[in-house]
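A.B. asks: Sequence:
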Amino acid sequence: MAALPEGNVASASAAFAFMKTFGYTWGVTVPSIIFNAVVDKNLHVISSATLQAQLRNGGAYSFASQLHVLRPELSTEVWSELIQVYTSGLRAIWLLGLGISIVGFFAVGLERGLELRKTLDTEYGIDDSKEAGSAVTATENIEPSAEKPMRVNQ
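Residue numbers in the sequence shown follow our numbering, run continuously in steps of one, and reach 159 at the last position.
To be clear, the hints were calculated from the coordinates, so they are not data collected in a lab.
Every value quoted in this text rests on a predicted model; they were computed, and no experiment measured them.
Have a look at the derived ranges for each label pair, beta carbon to beta carbon:
{"id": "1", "residue 1": "Leu72", "residue 2": "Ile105", "range": "24 to 30 Å"}
{"id": "2", "residue 1": "Leu9", "residue 2": "Ser70", "range": "43 to 49 Å"}
{"id": "3", "residue 1": "Ala15", "residue 2": "Leu100", "range": "36 to 42 Å"}
{"id": "4", "residue 1": "Asn13", "residue 2": "Val35", "range": "27 to 33 Å"}
{"id": "5", "residue 1": "Ala20", "residue 2": "Asn62", "range": "33 to 39 Å"}
Quick reminder that beta carbons are idealized off the backbone N, C-alpha and C, glycines included.
Using the sequences and the hints, build the whole thing.
C.D. replies: Put into C-alpha cells, the structure is as follows:
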C-alpha cells in the first residue's frame with residue numbers, strides 16, 4: 006500500500022481485509038476437499054466394509070474427530086490401514102501447502118522495494134485542536150512534576 010496515494014489507503018486496507026478473510030475460508034475448504042478425495046481414492050486399503058462406508062464421500066474429514074472413541078473397537082490391522090489412508094490424505098495436503106509456500110517464497114523476489122513516507126498528508130487521524138476539558142495531547146508533558154508529589158490512595 007506504500008505505492009498508493011494516501012486517499013486510497015483506507016479502501017485498499019478494506020479490500021485487503023476482505024481478501025484475507027476470503028483466503029481463510031478457502032484455506033480450510035480446499036485442503037478438506039483434497040483430503041477427502043485422497044481418502045476416497047485409497048479406501049480400498051481398508052479391509053472393513055463398514056469403515057469404508059463411514060469414510061466415503063467426505064466422511065473422513067468429520068470422522069477424524071471420533072477416532073479416539075473408535076480406537077478400542079477397531080482391530081490392530083484395520084487401525085494400521087486407517088492410519089495409512091489418513092497419512093496419504095495428510096501428505097497430499099502438506100505437499101500442496103509446500104508448493105504454495107515455494108511459489109510465495111520466490112514471488113517475494115519479484116516485489117519492488119518502496120521507501121515509506123515519513124510525513125502524512127491525509128484527512129484521517131487525530132484532530133489536534135484543543136477544546137476545553139480535552140484529554141492531554143501528545144505534545145504536552147504528562148510526567149509528574151517534582152513540585153507536586155503524587156498522592157497514592159491506600
